[in-house]
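From first to last, the protein sequence lines stand for chains A, B, C, D, E and F.
First residue of the first sequence? That's 1 in the numbering used here, and the numbers climb one at a time after it.
First residue of the second sequence? That's 1001 in the numbering used here, and the numbers climb one at a time after it.
First residue of the third sequence? That's 2001 in the numbering used here, and the numbers climb one at a time after it.
First residue of the fourth sequence? That's 3001 in the numbering used here, and the numbers climb one at a time after it.
First residue of the fifth sequence? That's 4001 in the numbering used here, and the numbers climb one at a time after it.
First residue of the sixth sequence? That's 5001 in the numbering used here, and the numbers climb one at a time after it.
Incorrect hints may have been included.
Capping the alpha-carbon separation at 30 Å, the derived lysine-lysine pairs in DSSO-like fashion look like this [to be verified]:
| hint | chain 1 | residue 1 | chain 2 | residue 2 |
| --- | --- | --- | --- | --- |
| 1 | F | Lys-5112 | F | Lys-5171 |
| 2 | A | Lys-59 | E | Lys-4047 |
| 3 | F | Lys-5059 | C | Lys-2059 |
| 4 | E | Lys-4185 | F | Lys-5059 |
| 5 | D | Lys-3076 | D | Lys-3047 |
| 6 | F | Lys-5059 | B | Lys-1047 |
| 7 | F | Lys-5185 | F | Lys-5123 |
Just so you know, these hints were derived from the structure itself, not from any lab.
Since the structure is predicted, the reported quantities are computational estimates derived from the model, not experimental observations.
Protein chains: 6
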Amino acid sequence: MPIVELHVLEGYGTDEKRRLHTALTDAVRLIVPASPDAITVMIHEMKAANYSRDGKQRKGAPALGDAGEIVRAFLKTMEAREIEAAEAFLAEDFAMFFPGAQPMHELEALIKWATQRYRFVKKAYLGFDVMQSSGPEVLVYCRGTLSGEWLDGTPFENIRFIDRFELVEGKISRQDVWNDIAEVKAGL
Amino acid sequence: MPIVELHVLEGYGTDEKRRLHTALTDAVRLIVPASPDAITVMIHEMKAANYSRDGKQRKGAPALGDAGEIVRAFLKTMEAREIEAAEAFLAEDFAMFFPGAQPMHELEALIKWATQRYRFVKKAYLGFDVMQSSGPEVLVYCRGTLSGEWLDGTPFENIRFIDRFELVEGKISRQDVWNDIAEVKAGL
Amino acid sequence: MPIVELHVLEGYGTDEKRRLHTALTDAVRLIVPASPDAITVMIHEMKAANYSRDGKQRKGAPALGDAGEIVRAFLKTMEAREIEAAEAFLAEDFAMFFPGAQPMHELEALIKWATQRYRFVKKAYLGFDVMQSSGPEVLVYCRGTLSGEWLDGTPFENIRFIDRFELVEGKISRQDVWNDIAEVKAGL
Amino acid sequence: MPIVELHVLEGYGTDEKRRLHTALTDAVRLIVPASPDAITVMIHEMKAANYSRDGKQRKGAPALGDAGEIVRAFLKTMEAREIEAAEAFLAEDFAMFFPGAQPMHELEALIKWATQRYRFVKKAYLGFDVMQSSGPEVLVYCRGTLSGEWLDGTPFENIRFIDRFELVEGKISRQDVWNDIAEVKAGL
Amino acid sequence: MPIVELHVLEGYGTDEKRRLHTALTDAVRLIVPASPDAITVMIHEMKAANYSRDGKQRKGAPALGDAGEIVRAFLKTMEAREIEAAEAFLAEDFAMFFPGAQPMHELEALIKWATQRYRFVKKAYLGFDVMQSSGPEVLVYCRGTLSGEWLDGTPFENIRFIDRFELVEGKISRQDVWNDIAEVKAGL
Amino acid sequence: MPIVELHVLEGYGTDEKRRLHTALTDAVRLIVPASPDAITVMIHEMKAANYSRDGKQRKGAPALGDAGEIVRAFLKTMEAREIEAAEAFLAEDFAMFFPGAQPMHELEALIKWATQRYRFVKKAYLGFDVMQSSGPEVLVYCRGTLSGEWLDGTPFENIRFIDRFELVEGKISRQDVWNDIAEVKAGL
């Protein structure tokens, strides 16, 4: 039965509202064992003139982008080695943590490091999980399998991976990567 | 400014409400760039007699447990090798996916498999991330570092790991594990 | 999807709330083609101190009785010829309109009149329909079949009837009766 | 003091809202002894994008027609013997129950039957009572007096009648008729 | 944390809403010791068709003017001795109460009386305080200092004054004046 | 028709709620020309566990005292020359502004100054006007007439006065006084 009402300043589009509907529904489902069909969300949009804090009329702010889509777009530029485009997704203090590598802060460093591991790699996605952390970071988990070619040209595939991203204000500030590459190599 | 109102049948405790406050606040923050301090949540509890669907008065259901706490408790029993206690956390169709191992369905199988990899292992946690998926599963991501002893008795530590759990109705139905053990071993 | 919220001063019991849930649900269904299961009603009870008009805190009034139950009880006393008990259900200006009879204002007059028509009569009910009119009257329609004995002792049964009652402030102020007695007699 | 708030998907016209105001006001009055002037109804219209169940944005459905008006229009076509037009008001499983007649399912059958009773008949209406039943049926009670000519050409008038209609999804599925025709004839 | 929701018929402009935001915020602050920044006001505008009392759809009325602005404009016309313009601000039963004067009902009488006190006077305002009384009157307090010339041409300044105005339906019905003119004169 | 809903943490008594009802009603009346009888206020009390900002459950604070009552009590102690009791009502930075006197900060200074003006003085009150300013100050206007004895023992009465008080957090921080004493003396 839970009914959620959200009062928010107007200015959000249908897709942004869809994300609000989903996020609020899922928030309730995390605690209340109601069937999703019994969870109603109503968004009440307020004109700026109709809302005040401290007696002062307020304006809304544009919605944050869909962090899952941002990460997906970033990974696509990386796979295509479009470094400049990829860098546009990154926060100032970006850091990457890959298996067996020192922390890296530059995409160029990552690419250089990767050249010692495989000729190329592609990701097939099994799923993206997106959530707001209790801090400023939005978290995106992305998992699936890797395929590509080792340095000697032999192909590989079906190697499990998971990436964890932190985004702040729509920019990627951290990427942690885990995968079974070493496990697979050890078995070769 | 966003204000969230949740109408829900009465019967939830202060801690369960705290989880609702947090989850609803974070749901809004995922899309609306408001400072957390400006996000208000009001929970309106309904007596059963005051709520109806189809004209019929309704009763509420007990809250779902905190999935993060459930996973934490499960991992504690596993670390202590309290297999019976650990099994109580598992769903009927439980499955585990470990690096370099076939899918396993029994904790005994896992323990047997592990005996070929290390004498023992302990987890130090860096963080738990909990979210409701769009399906019935609640997801728990748990990450940190492993320490322990290899089969030859030499110690290891600071090996990164991440676990992904799926819970359905409070029971763990799936565990996916990634870590740098092979990476580290390859470097020995 | 319709959601109805009723704000009302506290003091109503579970059964009175059930009647409110039903009446509000049905009110919506009269216009909105939603499945009943998708119609939610929430009753918000207000303490007297929390509600004001003209800045003055207000008190609630006891609920009106269930008009269908009142009529049913009245008809029971009539069938048992408990005239005094029956009269307690009537408003000052009570009037009855029976087929082929002048308007009557006294139950004694009705009983006298009936003695020229049948020895006794019993009602089997097919249904009660209760609604608030746009005026002060609550309307109760009661229909079913009559059985009994004619003046000559021959029995009759399955004669259709319908009664229409008007109640004001819980008292019956008018009863209109239609039935097939003359039709049946004409066919004898 | 009762205040009713209805949240409903947008798309209803002023007249449909008027019906909602009336129906909700009367629903409250059936139980709460408030003066009608103290009953407030607020309709909150929701854009489709702002409402969800199960996280899915929803669309509204057109309002049901005014059952009283439908019955009134049906009776007008019947009085004018516009059988084809009248049939358009009927549900598939339509049934009629007239005094002294077998159940009928076709308007032609009714007209044929009536030719044995009177040359013609007209209805003068005293009132229509419309309500939603607890089932799918909307009920319309229509009462007044009949006038016309008997088969021998002598006129009659002021004969009481009451009709009870059941409508499902705007179509008339059942008509029950009671009147004093036999009573009056018996008195001729 | 207090959150105020105002449901009101649509038709008010941004500035009128601003006055509502301020008045409602200040009303709460009079009793609840919340920081103004934590007081939220939401104005929900209702279309006429969406609001009813007694089941009847209602229309709104134009907002009352800002009483502070009305008094300010009145005082400006008085200072400029635009008597006709000033009289347009007055209610039928207007009355003035000045120090050392009989009650006056005509601006001309005031002006005549003033000619025996000073050549001219100007007001410098320190502040306007506006409030709704519990009766029909809106109260405006206006205070500051007077400057001008005595009858002998010597200038004066910095003489404290306070005016209290009562307005009914936007018209000034009463003005009470206090000042230190006599005090200052006594000290000359 | 305006309907005001106030959501506030629980903990206020009936009298404090009465003040909220009155203040909110009057706030609306300042702008909306509705008859007071058509203005409804509903106070929704929230349990601390049911309300959050930034996801954190919050507690309420005790209501502010009635500033009109505070000023009335202060004036009573002053009239009785209970200086110690009177001082308990004052803020640290208290200042008084009397006609023909320098600003004073100590009640003793006021009393000493008054001994040069009259033997004693009593206030008869015509009315108290209380309002929240847009700043932290609550304003209390108190007006009426003075009676007492001049220094030579002759009595006086019916001298108009008005006091303006500012209170911050329940303490009087400023008192401005105007009256016709000098005007009256000049006429002696």
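**Request:** May I ask which of the numbered hints given earlier this structure violates, with the numbers listed in increasing order?
**Result:** 4 and 5
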